[in-house]
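Here is how the chains run, residue by residue.
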Amino acid sequence: MAKQLRIIPEKCTGCIQCELACSFVQTGRFQPARALIRVHLFDDQASYAPYTCFQCDEAWCMTACPVNAITISAVTAKVVVEALCVGCGLCTIACPYGTVWHNPDSEKAVKCDLCGGDPACVRACPTAAITYLETAAADWLGPWADDLNRSLREMQAGGGQ
Amino acid sequence: MIGGWTGRILRVNLTRGTIKKEALREDWARDYVGGRGLGARYLWEEGDPTVDPFSPKNKLLFVTGPLTGTNASCGARYMVVTKGALTGAITTSNSGGHWGPELKFAGYDMVIVEGRAPRPVYLWIHNDEVELRPAEHLWGKGVWDTEEIIRKESGVPDTIVASIGPAGENLVRFAAILNDLHRAAGRSGVGAVMGSKLLKAIAVRGTGGVRLADARGFMAASWAMKAKLKASAVTAEGLPIYGTEVLVNVINEHGALPTRNHQQTVFEDAEGMSGETLTETRLVANKACFACTIACGRVTKLPGEAAGKFLVNTHPRNWQIAGEGPEYENAWAMGADCGIGDLDALIKANWLCNDLGMDPISFGATLAAAMELYEKEVITNSLTGRPLRFGSGEALVAMAEQTAYRQGFGDLLAEGSKRLTARFGHPEFFMGVRGQEFPAYDSRAIQGMGLGYATSNRGACHLKSYTVSPEILGIPKKMDPHSTEGKAEITKIFQDITSAVDSTGLCVFLTFGVGLEDMLPQLVAATGVPYSLASLTQAGERIWNLERLWNERAGLGQGHDQLPKRITEEPIPSGPAKGLVNKLGEMLPEYYRLRGWTETGEVTLQKRKDLGLA
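Which chain is which? The protein sequence lines are A and B, in order.
Heads up, the final residue of the first sequence is numbered 1410 in this note's numbering, and it's a clean run with no missing numbers.
Heads up, the final residue of the second sequence is numbered 618 in this note's numbering, and it's a clean run with no missing numbers.
One should not assume that every hint holds.
The list that follows gives simulated cross-link-like pairs (lysine to any residue, SDA-like), each with its CA atoms no further than 20 Å apart [said to hold, decoys possible]: (1) K1260(A) x T285(B); (2) K305(B) x S1296(A); (3) K1260(A) x T283(B); (4) K61(B) x G21(B).
In case anyone wonders, no lab produced these hints; they're calculated from the structure.
Model, not experiment: these values are computed from the prediction.
Next comes chain B alone, as it looks inside the complex:
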């Protein structure tokens, strides 16, 4: 067996109630590294791109990487791979915390969930003991209660739980899967797919270990990478001190913080919701995922009177207890994009999204689109039940709850902003790609991000090609964010490298401080597979192309590499990036050429052959 892997996978058929332990396909683990790539390979083999995401035929894969569960900095990640409920595209949602490592410790590299249970169940994994248990009593419960009840009834206090909240159960299109209370496989609606299978949770406790091919070499390599992380300003200072929210002021100052559903790109209340303010006024503790030496997680608490400021109906508990977040993306979506600068409202809504199991990015962005519809008088109070004005923290908190339970107008928000805006005849208010809402960077002010969004396989996403690094932060070297020059090339490189990093089990945040070449020695020592920089980058390219091919079969490949008209035709009205639009049309042909695809963006047979995908 290749090092780093346990060599076993779990296949759970919910329809039949069967559980099988199978051997891991070693050749695939080698070619696709793990995590995202390996999951895509299994889904390509077994899944059907044309099925409805909620069909029992859609498979839900939980995949770790070879470095998940090791002490490599940030070796915490697992990937959820499936056909996304929000997009219909292949999705790879990734989460940290302790769940992925615990699965490895229990002795499994991957869980493949098939079918649909006749009634709510949860999967219980305790080393070799694996069974489906009834979950009727958990149905309707939030993530906090679910985790607590499962721990109590199992009698194993160290159990790590990944579960869905009411949002997943109610098939909210952007429902998430949460583990360790706050860590989410957040985007594209993986939680709704889990909910459609009537699978409430996967609870894991493992006491085994991860064995490596060359343990000594691995330790040396991991110490070296840690030293590098300590030497980088972002991973040693920015993220540990202020968390991901450190970006609010930075991006705002560049005029790239989308505000009021991307109508503006500078938010006047940015300071109030920034990482600096959060750290000074609301921070309780810094929180790390498993093996993470950066610890970007923020535990926050609403003090005193602020705790009771936004009342919600079904969640009387926990307001005096600390919760995690908001992170940068969440704070932006529910904050600037909705015109809300009240940090307390964001903290509360963020906590609700976590407990109810919902992606705060898509939720916030969908609410922002609804607010634009409301302010332009397309929808009114009679439909929404309350004023949905930009800037209303009260509306934000109330709608977070209503959306998860699909109550009132929340039922329409739960469909995501593409379906929402189309329903009211204004599809131009949908700010996203392939059905998924944009994250927190306006690509008119950061050209490369536009190309990254447009070509992202799982719909608009910052995590698959984070060219903010070179364009804004100057990592590894500074590029002009307003120019399209070189952006096709850097986007392709970032996409390929990120695919590889996502597949190792490491967190992509590492790339702020170290490069692929710093992660490589650990991967080689752990697995014993002689990966080189070239072969690893090629593996990333293979993964990217495989996802693209899957999307082509799903009808979401070529022709879907588009940005909304607001981004490509409406110039930014004010601020440092005033007058700019995204010039996607300038970058796309070069990108296709560099990818080796046809002029219209189709993966060629030659490319497939080169990558071993024919």
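Isolated chain A (complex conformation):
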């Protein structure tokens, strides 16, 4: 079992507390333009929809990355390793959900990393439209992930050049 963000748009009131909490964790200030969860406000339809990476099994971003800069963290989030990312943007194109972003300040890819297991957006949401739940998942930490993480460790240790 893994834990996953579950978003229930019907409960969302469009307050963007999640964006604010996220941008605070990411940048140390309140800057929704840098948040890794976004709320789309369809005002004329009275529909408010937060969206972010739901850490899908397929992980197109991870497979697309040419430098193995996306890995799987202990809380089973797909995580961009900033030191490795070259900012090519392939992952942002590969993601079918549009939830991997390009940060114009760092020129690197950025995406939700589940805050290491204590997602700030979940804590901030006043209506429980975003929850962090146990969920059935594929064997993310199978041989493939092991392989990727091994190569990451090697590169970080300087042995993968």
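Given the coordinates of chain A, work out where chain B should sit on it, guided by the hints.
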């Protein structure tokens, strides 16, 4: 720079077409906190209280607070400060939504608009890129179309727009400025001032952030306040479940819901227009402003046959699409005050007020005064073009449109009820103070509100001293609404505290669930300024006195603290508050004394010195 602020302001001169970026006066930001206070300070320095509100010399200020754009619950607010078109007094109209925060994200604390453009323009702000763009093609358009067109032509879909509708363009005295389709800087005619400058809109997109002095301390404080809001019945249940309309039945049961232009105070159809009915029959979704954890906004929709019930000429669109409101005040003004209990009529008229850019409180109250004139046969069909009987939803919807476009009798309604009733020789039918119509509480049944209305700097207003909290809701402690005892004191305290809250960038609705002491730690952590409860309350007092001084110069200070004769001399005819009048005369001397003013209500030199206003 003090935390919470960007340190930059925009000065736009429409006459010359120039845009300057200036440094924020830090000393003023410190002494006046922000928002309402800071705006008043700039207007005091630069504005002329004696000019006509529509003169190019009148300035229009859009001011955020240090907490605007942070994740502090309800940190969404910006203030529009100017000389009000309806009142001629200094006005501070406040709006939520996302516009204020977006201005901060773009890197500005305030926009000062001066002069008058030679032809219609709108201001485009995209981070450092700021320019005036032609708006001839937007002139005449409603708020919905304006927002959509600006987004499309700018190519920036996340643009947040504050704009005026036809009401502002046509100088309707109570025109509003709308942002995010439904959020309004509503009262006192700030939209008409904007219209007089031929400024259609200010469109903002910002990608920057708000930096705080002590981010960690701030987060702890903001979590603590959120927990408190969750624990309060009003902010955790009443407002989120039923919206502000939850008050309809409560106030009606106290016999304090002004009905038929304040002729009665109990409305027999209150249930039909209540928050409970709205929630059960017309609600689509709850809507929050930026960073708001209460979400009192109601998105409503007219289902099926109700959508076509009230036809209007110029607004074929959007009847199948949801719109926001009505809120309590709006529902009351267009509802009970006009004797109308048909929720569908209220929803439609409310939507029209939003799209056309008009304050539904003043519009509804003005229509109510016109209805009294009509029923007492002072005016007739030949003038009004249609029967203006109390209870007519059809007249309400039709007049909303006619007023915004100044068509037919709407041209007279557009002047507000003080001018309207005076024109027909019945000034006693004007229910308001300093030219502004009362909001939804009859001060004969809630004594403290009468004192609050009479002394309110921007004319009759519920938001500057909401003593309904203690008198009806028992927050923070219950006071007898029919007694004048202690009301002078509580009014002064509420006025000072509200001035401070209005200046932080937070929403005054917070005060249902938390006190100033709960907001204070966030303000201190955000700004790094060691405000204390005492210094913050004093800042509120400073702001109140500054506004009063401004009004004294405008000729609207002492001597204008009055209520209409109907409120002070005509007893309530029936209901739980039967027989009561407002005893303003009992409260006013004590209020002046507590304020440290003269016996006639003039701000003394000593008071000015004490507050650093000399």
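Here's how the hints hold up against the structure:
1. With a CA separation close to 19 Å, the supplied pair K1260(A) and T285(B) stays within the 20 Å bound.
2. Restraint check: the Cα-Cα separation between K305(B) and S1296(A) comes to about 13 Å, which is no more than 20 Å; the hinted pair holds.
3. This hinted pair checks out: K1260(A) and T283(B) have alpha carbons roughly 15 Å apart, not beyond 20 Å.
4. Straight-line distance between C-alpha atoms of K61(B) and G21(B) comes to about 15 Å, which keeps the hinted pair within the 20 Å bound.
The structure shown violates none of the earlier numbered hints.
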